[in-house]
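K.L.:
In case you want the letters, here they are:
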Amino acid sequence: MAPGPDLTALSVRGVSRRFGGLVAVDNASLDVAPGVVQAIIGPNGAGKTTLFNLISGLYRPTQGEVRLLGEDVTGLPPSALARRGLSRTFQNLQIFFNMTAVENVMVGAHLRSDARLWSAIFRPGARARQEREAIRDARRLMEEVGLGAYLDADAAAMPYGALKRLEIARALASRPKLLLLDEPAAGLTPPEARSIGTLMRRIAADGVTIVLVEHNMRLVMGVSDRIVVLDRGRVLADGRADEIRANSDVARVYLGKRMRTARAVVHA
Amino acid sequence: MRRDTAVLLLLAVGIAVLPFALPNRYFYDVAILAGINAIVCVGLNLLIGYTGQISLGHAGFFGLGAYASAILTGYGCPAPAAMAAGAVIVGALAALVGRPILRLKGHYLAMATLGMGIIISIVITTEDRVTGGPDGMAVAPFGLLGWSVQGEEAWYWVIGASLVATVALALNLIASPVGRALRAIHGSETAAEVMGVDVARYKRMVFVLSAVLAALAGSLAAHYSGFVSPAKAGFMHSIELVTMVVFGGMASTLGAVVGAVLLTVLPQLLTVLKDYELLMFGALLMGTMILMPRGLLPTLETLWRRARI
Ligand SMILES: Nc1ncnc2c1ncn2[C@@H]1O[C@H](COP(=O)(O)OP(=O)(O)OP(=O)(O)O)[C@@H](O)[C@H]1O
Ligand SMILES: [Mg+2]
Numbered sequence: 006m007a008p009g010p011d012l013t014a015l016s017v018r019g020v021s022r023r024f025g026g027l028v029a030v031d032n033a034s035l036d037v038a039p040g041v042v043q044a045i046i047g048p049n050g051a052g053k054t055t056l057f058n059l060i061s062g063l064y065r066p067t068q069g070e071v072r073l074l075g076e077d078v079t080g081l082p083p084s085a086l087a088r089r090g091l092s093r094t095f096q097n098l099q100i101f102f103n104m105t106a107v108e109n110v111m112v113g114a115h116l117r118s119d120a121r122l123w124s125a126i127f128r129p130g131a132r133a134r135q136e137r138e139a140i141r142d143a144r145r146l147m148e149e150v151g152l153g154a155y156l157d158a159d160a161a162a163m164p165y166g167a168l169k170r171l172e173i174a175r176a177l178a179s180r181p182k183l184l185l186l187d188e189p190a191a192g193l194t195p196p197e198a199r200s201i202g203t204l205m206r207r208i209a210a211d212g213v214t215i216v217l218v219e220h221n222m223r224l225v226m227g228v229s230d231r232i233v234v235l236d237r238g239r240v241l242a243d244g245r246a247d248e249i250r251a252n253s254d255v256a257r258v259y260l261g262k263r264m265r266t267a268r269a270v271v272h273a
Numbered sequence: 106m107r108r109d110t111a112v113l114l115l116l117a118v119g120i121a122v123l124p125f126a127l128p129n130r131y132f133y134d135v136a137i138l139a140g141i142n143a144i145v146c147v148g149l150n151l152l153i154g155y156t157g158q159i160s161l162g163h164a165g166f167f168g169l170g171a172y173a174s175a176i177l178t179g180y181g182c183p184a185p186a187a188m189a190a191g192a193v194i195v196g197a198l199a200a201l202v203g204r205p206i207l208r209l210k211g212h213y214l215a216m217a218t219l220g221m222g223i224i225i226s227i228v229i230t231t232e233d234r235v236t237g238g239p240d241g242m243a244v245a246p247f248g249l250l251g252w253s254v255q256g257e258e259a260w261y262w263v264i265g266a267s268l269v270a271t272v273a274l275a276l277n278l279i280a281s282p283v284g285r286a287l288r289a290i291h292g293s294e295t296a297a298e299v300m301g302v303d304v305a306r307y308k309r310m311v312f313v314l315s316a317v318l319a320a321l322a323g324s325l326a327a328h329y330s331g332f333v334s335p336a337k338a339g340f341m342h343s344i345e346l347v348t349m350v351v352f353g354g355m356a357s358t359l360g361a362v363v364g365a366v367l368l369t370v371l372p373q374l375l376t377v378l379k380d381y382e383l384l385m386f387g388a389l390l391m392g393t394m395i396l397m398p399r400g401l402l403p404t405l406e407t408l409w410r411r412a413r414i
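So the sequences go chain by chain: A and B. Just so we're on the same page, this note's numbering is the position in the first sequence counted from 1, plus 5. Just so we're on the same page, this note's numbering is the position in the second sequence counted from 1, plus 105.
Hints listed in this document are in silico derivations from the structure and should not be mistaken for laboratory results. Among the clues, some could well be false.
One-sided and incomplete, this derived list gives chain A residues near chain B with beta-carbon spacing under 10 Å [unchecked claim]:
| hint | residue |
| --- | --- |
| 1 | 87 |
| 2 | 118 |
| 3 | 127 |
Treat the numbers as computed from the prediction; the structure is a model and nothing was measured. We put the CB at the ideal spot given by N, CA and C, even for glycine.
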C-alpha cells in the first residue's frame, strides 16, 4: 500500500462497542496524524479506556473499523498489533509483579528477541550475548524514563509512581510507532505529573505518535497537539488544543469543572 | 546463568555421590521412584509454577506414556521407538486438548484438566483387551538389540541422567526469552499479549512440553517396574504430583525436584505414614498454602538471604 497524503498513524472509523444494553463507545471516529500528541479527554465512564481496548485489540468492536498506519487491523489480536508497531500502558497497572523491573521492560522487547523454543532449550551459549544486550537496553530505557534508582528492583517492591513509569519503559521497549498512554499521571504528585509531561514530549520528539488519555488538564494542555472530547461514548469535539479550550460545549460537559478542580488542587 | 550452572552441578554431584549412601536395593528403588516423579514435576512446574496454569490431569499423560510403552513393546516394537511414539501421541493429544481448555482460567481450567485426567484413566481401565483393565499389564524390559537396562543400579543411572537432562532443559528454557514470556503470562496475560506475546500459543507449547515430559517419565517407570496399572494414570497420582510442585516451590526448578524427592521418600521411610499417604499429602498441601504459599525452596532462600544481611 502506497503511503498517500492522507496516511494516518491511527484511524478510528465509526467504531462502537456495546456491553449488554450499555453502549460504551458509540460510533466514534478519529484520525491521528503521524508524530502528533493526540489527547482523548472526557468524564469518568465516557468510554476512553474502552476505546483504547478497541484500538489495541483487547476488545472487538461491535461495528466500525480501526486502521493502523493505513492497514485495516479491525479484530486483530493484541500481539498482532504489537507486531505492527502499537504499544500501550494501562490505567489500572498491568505489571508483571512476579518479575524484576528490568525483566518487565525486557518483555516489552519480546518481539525483537529470539523466542524460539529450540534455541531457548538447546542454545543457551548463543543466546547469552543477546541476553546481555537485552538487559543493557532495558536498563538504559529505565534510566531514560527516570527509573535509574530501580535498576535492580523487583517490580513488587516499587512504589506506584515508579510503576507508572515502568509501564512506559516496557511499552517503549517494543520501539512502537504508536503509543497509547491511559492516564499516565493519575495518582501522581504535581511535580511527578510535570515530569511525565517532559518525558512525553521527548518520546514524541523521537517520532513516536502518542495518544493520551488523561484527566490532568494541565498536562493535557501542555503536551497535546490535538484533543478529542468523548462523552457517553460519543465524540463531542475534535480540534486543536486551543480550539477545545474555547469550546463552550466541552466546558459545560467537562473542562470547566476539571480546570477549576485542577486549579483548586494546585492552590491548596 | 551462573546460578543455573551451580544448581545443575549440585544436582549432578548429588546424584553421583548418593549411591555411596544407599545401603541396599530398596533404597535404590526409592531413589528411582523419586527421580521419576522429579522429572514429571520439573515439567509440571513449567506449566503451574512459571506460567501459572494449573493441571490436575498430568497423571493421565504419565499413564498414557507408560501404557504406550507397555502395549507397543508387547507387539514387538523396540522400547525406544515405543517410548518416542508414546511421547508423540501424548504431545499431539495435549496440543489438541490444550487448544480449547487453555482458554479457561483458574477453577475452570482446574476442572477441565481434572476431567481430562479422569477420561484418560477410565479409558485405560475399560479398554481391558489392550490394557489389561484394572489388573494392569506386564511390561518388557527396556532394551535394544539384545542389550537392556537391568537391575536397580543401572536404572538409577538412567533415571539420574534423565533428571539432569530435564533440569538442564528447564533451566535453559526459563532463562530465555521464552521463559520470560511464560512468566509474563503468569504476571498479566493482558500485558503479555499487548507486548506481542502470543499467549495462546505459549500456553499450548508449555502444556505440550510438560505433557511430553510426563509421558517420557511414564515410559521409563513402566519399563523399570515391569508393570503398569491404571492407578498411575489416576486422579490421586495427579494430586500427588501437584502437591510435590506446590510443596517444593512454585517457579523454582530445584524446588520441584526437592518437593518430588521429599514427598516420595518420606512416606517410604516413615512406614507409619504409608497407610495415611493421601492424608499426609492433603495435610501438607494445606499446610504449605497457609504457612509458605511460595513453597519450601523459595521460602528457605528468602530466609537464608535475610539471615545473611
Ligand atoms: N468489560 C466491560 N464490561 C461491561 N461494561 C464495561 C466494560 N468495560 C467498560 N465498561 C463500561 O463502559 C463504560 C465506559 O468505561 P471506560 O472504562 O471506557 O470509561 P473511561 O472513559 O475510561 O472512564 P475513566 O475516566 O473513569 O477511566 C462504563 O460505563 C463502564 O462501566
Ligand atoms: Mg479509563
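K.L.:
Evaluate each hint against the coordinates.
P.N.:
Hints versus structure:
1. 87: holds, 4 Å
2. 118: Since the shortest Cβ distance to chain B is 4 Å, the answer is holds.
3. 127: holds, 7 Å
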